[in-house]
Amino acid sequence: MGLFGYLFVWFTLLLALCLQVMPLPDAWLVWRPDWLGVLLAYWCVATPQRVGVIHGFVLGLLLDLIEGAPLGQNALTLSLLAYLFLLLYQRFRVYSIWQQAVLVFVLLGIGQLVEQWLRTIFGPISVSLEFLIPALIGALLWPWLFTMMQAVRRRLGIG
Amino acid sequence: MRPIKPLFSYGPVPTYRMLLCAVLAFGLMFAEHRFSAVESARSHMTSIVAPIQWLVSLPSEGVRWGAMAFSDKQSLIDENGRLREQLLTLSNRVQRMASLTAENVHLRELLNAPNPDDVPYITAELLSLDSDPFTQQMVINRGRRDGVYIGQPVMDASGLIGQVVSVSAYTSRVLMVADANHAVPVEINRNGLRFIAQGTGQLDTLNIPSVPATADIREGDLLVTSGLGGRFPQGYPVARVTQVKRESSQAFMEVSAEPIAQPERSRYFLLLFPPAPPDASGLGDPESMARQIMWPGDPAHPDAHRISEEALKAALRLQAEGAP
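For the protein sequence lines, the chains are V and W, in the order given. Quick note: the first sequence uses this note's numbering, first residue 120, plus one each step. Quick note: the second sequence uses this note's numbering, first residue 145, plus one each step.
Be a bit skeptical, because a hint or two may be false.
[Claimed, not checked] Sample of chain V residues at the chain W side, in silico, Cβ under 7 Å:
(1) Trp129
(2) Ala146
(3) Ile185
(4) Leu195
(5) Tyr202
(6) Leu203
(7) Leu207
Derived from the structure by calculation, the hints contain no laboratory data. Think of the CB as a built atom: it goes at the ideal place given N, C-alpha and C, for glycine as much as any other residue.
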């Protein structure tokens, strides 16, 4: 992967970060897919040699700064997410696309769960199962996102 | 062309990197909790992400501008009429306020009580509401350059919004009264009973804990800031009581209230600069708090009862003058 490929990876990840923090009406917030998690997952699965834990950490720190969360909260969650996907990326190569989506849901859900735990450490929050919705929608988006990104990646010759 | 060596290149299962990241993340969380240096470093780092914050606020700005540019004449005329009506009502109220303020100043002079000062303020505009569904915060376009400080009270046109929790050079973050981490000392406007209003995490509900079953509190009561604690100036509207649940077997009632401010509809806010509370520096927190409490006959404050005595004299004098 050349410089161009590397820039493209960071461009898509920053785009996902922007989508992640885009202001939305209050009622829609829980329906926002976990953009950053899904895209980080894609790059971890597609180019496990290049994208990984440190990328998750840096993006998580940026997200912490933007959201005003305790510094390190999202950094830990996203680096853990990247780690889990790196552990399992070989399975993704043999799974069908919907099996992949189920696995993505499970892993994103674990990420969200860890994030909720960290939140409860830092103060009272209202706990409900709604925190799984972003993981679910992210997983439903996975087949399309994966197919599209694979096509774009082949077209641009990033590998 | 030889490919450029990537910044972070490693094998597929980077367990050591994960451990390093986890240690770093926990270290950061702990350090931020403990050391104020990290907090100030954070406020500088927040300036790095300011471009992203500005970028993501563009679409909603665009939608707002587009809506204004393409809204038809009739709706503009309607809005104009509505604003004129509001202006009329408000100016009517201001005229009455002027005479009431004068009367209030006069009465306070008669009682020898100090006059409360006007609270100076600056205006601020909303940059973004929080993108996280589990916290209630927002970012405004005033920062350290404008004199914003941590703990500063924030208002909108109708009531208290919350307080500033972190400040960077050009922006600052506001914790809203509805956040589950926020509590504000309030009193009932009608009778002066004092309580604490706690956020619940839902924008439209506050919780009032520890209300004795005999307290005189009703649905529709206005809760205003009590000024206790020294953070919020006294007398700004916070919430209206929506529900009072009495159960005869319980010692306390369940009371909930709805915030008066409308953070999801307002775009412009006021940052207040209340006068500093009496100086109690050099004392520990509990002690300085204890020093601020006084009561008539308190040996530590021999002049605590003097105001009421002078008030009594003034009242007697008034009565004597007023008698034919």
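Each hint, compared with the structure:
1. Trp129: At 10 Å from the nearest chain W Cβ, tryptophan 129 of chain V fails the 7 Å test, so the hint is violated.
2. Ala146: 9 Å, violated
3. Ile185: 5 Å, holds
4. Leu195: 4 Å, holds
5. Tyr202: Status holds, d = 4 Å.
6. Leu203: 9 Å, violated
7. Leu207: 10 Å, violated
Checked against the numbered hints given earlier, this structure breaks hints 1, 2, 6 and 7; the rest are met.
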